[in-house]
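**Q** As a plain string of letters, each chain reads:
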Amino acid sequence: MKSPASPSRKRLLLALAAVALLLITTPSVLGGNELKGRWTLRITIPEAPESTTTRTFLVTLEVAPRGESLHGRANLTDEAGRTVGAAWRQVGKRISIAYELPCPGDGPCASLILQGRVKGGGVLIKKGSVIVMWDTTNNRNPALYDTSNGSFRGDRIVE
Amino acid sequence: MMKSTRVGPLAVIIIALAAASLGTSTARMQGERSLAGEWIVSSTPINGQMASPKGVSLGFPDRDMVFEQQGDLRTGVVLREDVGQDVRPLGVWRIDGDQFSTTFQLWCPDTNGPCGSIVMRGQFVRDDKISGTMTAFFDVSDERTPTGYDTWTFSFVGRRVAGGSN
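Line by line, the protein sequences give chains F and D. Taking our numbering, I'd label the letters of the first sequence as residues 43 to 201. Taking our numbering, I'd label the letters of the second sequence as residues 9 to 174.
Simulated from the structure, these hints should not be mistaken for lab results. From a predicted model like this one, the values you see are computed outputs, not experimental measurements. Just so it is clear, CB atoms sit at the ideal spot from N, CA and C, and this is done for glycine as well. Where hints are given, some of them may not hold.
Claimed, not checked - Distance windows between CB atoms, simulated: (1) N55(D) with G109(F): 37 to 47 Å; (2) P144(F) with P61(D): 31 to 41 Å; (3) D106(D) with P144(F): 32 to 42 Å; (4) D120(F) with R134(D): 12 to 22 Å; (5) E121(F) with A59(D): 21 to 31 Å; (6) A106(F) with R134(D): 31 to 41 Å.
Here chain F stands alone, though its shape is the one from the complex:
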């Protein structure tokens, strides 16, 4: 005859089931700290070279899996619906994303290099830094062009 499970055994089984459910539904288990997937990036950079006024904009980043490669591709769509390509690399939690700003107007354009760490079990990039290299030449800058620093935050879009 089968004996009924004791209350402590029931609690243990419930706890194990809860842990299993958490492991199944947490994105970190699906992707680990890999950047692949969809992200919302909130990027803050100066409005122009040597400007103290900043602008903040949102982009959606769709990161393709990189397989066994050190690099991967991504598509980045801004709030105006413009989509450009990006290239990314990752070692452990450290990621780098490089892309060219879509610049339809007459304002200064730039290349952006975003660097940060994937945290929160693969759902967050906090306190990321941005290197901005503008199109305006500057012989006094070691990069030979005007540069600025910016910041960004990334939040994984969980679907």
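With chain F held as given, fit chain D onto it using these hints.
**A** Below, chain D alone, put in the same frame as chain F:
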């Protein structure tokens, strides 16, 4: 007589519109360039520096680069089959008239060593020749630079590979 006075202004308008259209398309043809295709790009450190200020080097001066465009998506890859079939540094690019910018990630198999990103700014000398400067930003801090990252610059010349990958 009446008929000719009506047709005259109309003909002038048509000719003017045709001329304007021709002028626009001619200007576009002259102004539009594309990096799409295969290029051999040779770079030389500016001021003869053989390593970055923090001692990082890049290793190879000539790069076999392939650029592609699909709509607004402009991508690039450096072919390093001399090192391995899987070694494919990736990048992106944009163009405005004959001025272009392209940004690549460096390929760093040694995960304990420094890595970085490259930004190339250049212009077309001819349809099959480009030149400009290349800036490497390494993931190594350097308080002497405005960005705070170790920075190393090169000049480069690129020649389009006739009938190369596209």
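**Q** May I ask which of the numbered hints given earlier this structure violates, with the numbers listed in increasing order?
**A** Numbers 3, 4, 5 - these are the hints that the structure violates, sorted from lowest upward.
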